[in-house]
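**Student:** Going by the UniProt record's numbering, the sequence shown opens with residue 1, and the numbers climb by one from there.
Keep in mind that the hints were calculated from the coordinates and are not lab data. Since the structure is predicted, the reported quantities are computational estimates derived from the model, not experimental observations. Positions of the beta carbon are idealized from the N, C-alpha and C atoms, including for glycine. A couple of the hints might just be wrong.
Stated by the list, open to error - When the alpha-carbon atoms are kept at most 27 Å apart in a straight line, the in silico DSS-like pairs for lysine-lysine are as follows:
1. K105 to K115
2. K94 to K115
3. K105 to K94
To be verified - If you anchor each label on the Cβ, the simulated ranges turn out as follows:
4. Q104 to E254: 48 to 58 Å
5. N264 to G162: 41 to 51 Å
6. S191 to E134: 41 to 51 Å
7. Q235 to T165: 37 to 47 Å
8. L233 to E282: 15 to 25 Å
9. L233 to D171: 54 to 64 Å
10. E134 to D171: 23 to 33 Å
11. N264 to N60: 24 to 34 Å
12. I70 to E107: 27 to 37 Å
13. E107 to E194: 50 to 60 Å
14. Q243 to H220: 29 to 39 Å
15. T165 to R101: 37 to 47 Å
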Amino acid sequence: MQIQKRFLVIGAFALVVLLALIMFWRGVLTGNEDGEQRATTAGPEGLPVVTLAKPRKNHNVPDFGAISDIPTRKIEFFSYLLPAINEQNAHILKQRAQIERLQQKFERGEALTAKEQRWLNNLASFYRVNAASEADRFATLLRRVDIIPDTLVLIQAANESGWGTSRFAADARNFFGQWCWTEGCGLVPASRGEGQIHEVREFNSVTESVRSYIRNLNTHDAYQDLRQIRAELRQASLPITAQPLTHGLMSYSERGEDYIVELNQMIRVNLPIIREVRESFESNSDHNNQTASAN
1 MQIQKRFLVI GAFALVVLLA LIMFWRGVLT GNEDGEQRAT TAGPEGLPVV
51 TLAKPRKNHN VPDFGAISDI PTRKIEFFSY LLPAINEQNA HILKQRAQIE
101 RLQQKFERGE ALTAKEQRWL NNLASFYRVN AASEADRFAT LLRRVDIIPD
151 TLVLIQAANE SGWGTSRFAA DARNFFGQWC WTEGCGLVPA SRGEGQIHEV
201 REFNSVTESV RSYIRNLNTH DAYQDLRQIR AELRQASLPI TAQPLTHGLM
251 SYSERGEDYI VELNQMIRVN LPIIREVRES FESNSDHNNQ TASAN
C-alpha cells in the first residue's frame, strides 16, 4: 500500500512538473503571458512601432445576414469595423509624424541616431520603399505612410463583402476580397478556374484584415493614382476624404469605371449612417475619457 502511495505521489509530482514546463515553453514561444504572438519588429525607444501586435485568432464575426432590418444591419456593420479602422489610421499618423521629424532633422544636416536609422529602415521595408537617396526615401515614405479615410474603408468593405454576409467575411475575416497565392493561405473560391492557384486570404481578426487592406492601398503599384490624389490634397491643405480617392481605385475591380460609380453612389447613400456611427463612437470616447479623469 505504501509503495502504491509513493508511486501516486511521484506521478502527481511528475504531472505538475510537466504542466509547468508546457506553460513555460508556451510563454517562450509566444513571447508573452497570454500567448499572443507579436508581428515583426518594434521601433526603438521613443519611436512608434512599425507594426502592431498580431491579434489572436477570433472566429466571432457577427452574423450580419441574420439582421433583417437593413438600416440596423448597416449600423452594426459599420460599428464593427470602425474601431479597427480608427486604430490603424491613428497608428499611421504617429508613424507619419515621426517621419516628418526625422526628415527635418536630416534636412538640417544632423545625423540620425542608430535607433532612428533602424526604425526608418524597418518602416521602409514594411512600406516597400527602395529609394536611390535618403531624400527620395523620405519623400516616398510620406507619400505612402498616410491614412485611408474611414468612409472609404467602410464602403469598400460593404461592397466587397456584401455587408459582411459573404463566406469569406464570415469564415476568413476577409472583408476586402484580398487574394493570396500560397496553398492553404485562405479559402478556395468556388468560381476559381482550372489552373488558377489563388485563394481568398484568411485573417486572424478584423484588425489584421483592415491593416492588410490599408497597407495594400499604400504600397501596391496599382494604387499610385490614389496616393497621388491624396498627396495633392495634403499639398493643398485640403481634407483627405473618400470620394476623391475612389478615382484611384480603377484597378481594384475588373469593372473599372462602373466600380467607381457604384462606390460613390454607396458613399452618398450611406454617409449619414457613417456619420451617425462615427459621432456615437466619439461621444462614447469623450464620456470614457471624462470618467477616467474623474477617477
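**Student:** Next step is simple, just say for each hint if it's right about the structure.
**Tutor:** Here is how each hint holds up against the structure:
no., hint, in the structure
1, K105 to K115, "holds (14 Å)"
2, K94 to K115, "holds (17 Å)"
3, K105 to K94, "holds (17 Å)"
4, Q104 to E254: 48 to 58 Å, "violated (43 Å)"
5, N264 to G162: 41 to 51 Å, "violated (19 Å)"
6, S191 to E134: 41 to 51 Å, "holds (46 Å)"
7, Q235 to T165: 37 to 47 Å, "holds (40 Å)"
8, L233 to E282: 15 to 25 Å, "holds (23 Å)"
9, L233 to D171: 54 to 64 Å, "violated (37 Å)"
10, E134 to D171: 23 to 33 Å, "violated (45 Å)"
11, N264 to N60: 24 to 34 Å, "holds (32 Å)"
12, I70 to E107: 27 to 37 Å, "violated (52 Å)"
13, E107 to E194: 50 to 60 Å, "holds (55 Å)"
14, Q243 to H220: 29 to 39 Å, "violated (21 Å)"
15, T165 to R101: 37 to 47 Å, "holds (44 Å)"
Violated hints for the displayed structure, listed by number in ascending order: 4, 5, 9, 10, 12, 14.
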